[in-house]
Amino acid sequence: MAPNKAQVCLELRHIEIGFGGVPLLKDIGLRVEEQEIVSIIGPNGAGKTTLFNVICGHLHPDRGTVLFRGEDITRRPPHHICHRGIGRTFQIARPFPEMTPWENVMVGLSFGKRGRPGWASHGDEAMELLAMVQLEHKAQLPARELTLSELRRLEVARALATRPDLLLLDEIAAGLSPQAVKQAVDLVKGLRSRGLTLLIIDHFLNLTAKVSDRLVALDQGEKIMEGTPVEVLQCPDVISAYLGESRQKVVKDDKIESHPESN
Amino acid sequence: MMKKTVNPPVLLGTAFLLFFSLWPLTGVGTDLHCRVLGFAFYYGALALAWNLLALTGVISLGHAAFFGLGAYGSALLDHYWKLSPCITILAGGGLGTVYGILWHLVFKKLRGAPFALATLASVEVPKILIDNWDGLTLGSRGITGISDLPSLQWAGLSVLLGRDPRALYYLFFALMLTVGWVHRRAFRSRWGWAIRSIREDETAAASLGVNVVRTRFQALLLSAFFTALCGAIYPHLLGLVEPPLVFSLHLSALPLVLSIFGGRHQPYGPILGALVLYPLDQLLFHSLLPVGHDAVYGLVVILTLLFFPQGIGAWLQTRLRSA
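Protein chains in written order, with my numbering: chain A, 1 to 263; chain B, 1 to 323.
Here are the simulated distance ranges between beta carbons:
| # | chain 1 | residue 1 | chain 2 | residue 2 | range |
| --- | --- | --- | --- | --- | --- |
| 1 | B | Phe-19 | A | Leu-141 | 31 to 41 Å |
| 2 | A | Glu-145 | B | Arg-188 | 17 to 27 Å |
| 3 | B | Ala-118 | A | Glu-145 | 26 to 36 Å |
| 4 | B | Arg-214 | A | Leu-205 | 33 to 43 Å |
| 5 | A | Ala-139 | B | Thr-30 | 50 to 60 Å |
| 6 | B | Ser-189 | A | Arg-31 | 39 to 49 Å |
| 7 | A | Gly-20 | B | Leu-136 | 44 to 54 Å |
| 8 | B | Tyr-80 | A | Pro-142 | 51 to 61 Å |
Which residues of chain A face chain B? A few of them, derived with a C-beta cut under 7 Å, are:
| # | residue |
| --- | --- |
| 9 | His-79 |
| 10 | His-83 |
| 11 | Phe-96 |
Chain B stretches covered by chain A per the calculated footprint, using a threshold of three residues with CB under 8 Å from any CB of chain A:
| # | stretch |
| --- | --- |
| 12 | 195-204 |
| 13 | 208-215 |
What the hints contain is simulated information worked out from the structure, not anything from laboratory work. In this text the structure is predicted, and so the values were computed from the model without any measurement. For every residue, glycine included, the Cβ atom is placed at its ideal position computed from N, Cα and C.
Work out the full structure, taking the sequences as your base and the hints as a guide.
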């Protein structure tokens, strides 16, 4: 548990969801306190992104409750959850490809939390956000021309533009070069200093040990371990979940996911 | 801060407005020219209305459903109660809008090709219904003897809207400008940003706070209403209506052709498409190819998609910019 923070930011109670009879999440419970950084780890298919989609309203759980600062937001539409103050990035970046990065961020500023009229005056704020993720030099190019690492950073800037209190980061460091991973670590540390609460999916453990207060390990839709990074990473169940995966899947996944950015 | 720079699009827009509002008064063109341009405005309005929905990222192949329901809405009110055309036309627009609500409820989850096919199929339902409900709609015989558009009385002058080509010209010009204004809002406004973000990635838009369902619903309702409004005027122009005339594939395809040709992602693309293609078809192709001139539309779509995938509007714009 993070020291001296008592207020609960996000709470999941008994979340269950299945698809075509296959359970994707089984009785997941989770508490994230204000200004805490919690990472979710686990092998592929563990249900990490599914959990994000449940929190953000893209998927409706079959059972269970999602509470944000005490308010029940289960089954609310995604834009409503954004207005409450939860922002997210997507594992596979989903930029608006024909818009510039500046315009991408402007959408977040105009429609996110407190994003009401006078949106034209947000222009400078959009540039500040792009500068924060070191994209100001690409602000006026079509977003489809950005590299993988730049798209990931655009995802973060755009999510921040909605002025979230809780930010969900889905694999922002996966598949990046060591240098880009370091940039991502610095970015997350910067976010923490802004007072944000962070929930991070980190399959490859790139960020986890360096920035998280707490780890939650998922495997096949179940929470198998929760605790400090050291506790969780040394837990035999977690190790065997990852090793079990290494025999079956890691080789294939490496081809797809962990190439340093080449194009 | 009072310094004003002359903005080329504003200049172009003003020139466009002045030219087309003054042109019929100069006496340069014949009645035929007036009529053809008037109908170019009419089909321009139809194309703009169609594009309002297309801007949210779905292609409809079934806007003839709205057109036909609008036409039958106004024709039936006229046939049974001889209501004023102003009322019948608005009511026709309303009937199309109701069908738009139905689309929204039933096609909510459909995108891409399934959406397009569902809209195409949705034209058949009202068409078959009207074709066979002889007691109410007179079935496939159609309705004849529908009143003309009203005459305008002003300062001792009386103009028959439906008969005078210049009056019709101005009526359709105003209609196109009205739909054009709404269409422009779908670009240059907060609502326009919502529409654009939905078109580019609806999941991402939702997670950034855009109300996807509501925005798309608004665009569909406006699209259906204006299409049905055009449809509702139609029987008053012809004096008759029958199902194959208004629930026709041609009427679903024409706005699509004009928009794609002119440029779907340009505020003025559909207008450009209508003002170029329709007069070209009526004045040139029609006399050259009296039988097969409709085939030209098909050819135009294919050529546009191959060589100007963004439409001639976008192509012209890049040409002008680099010049």
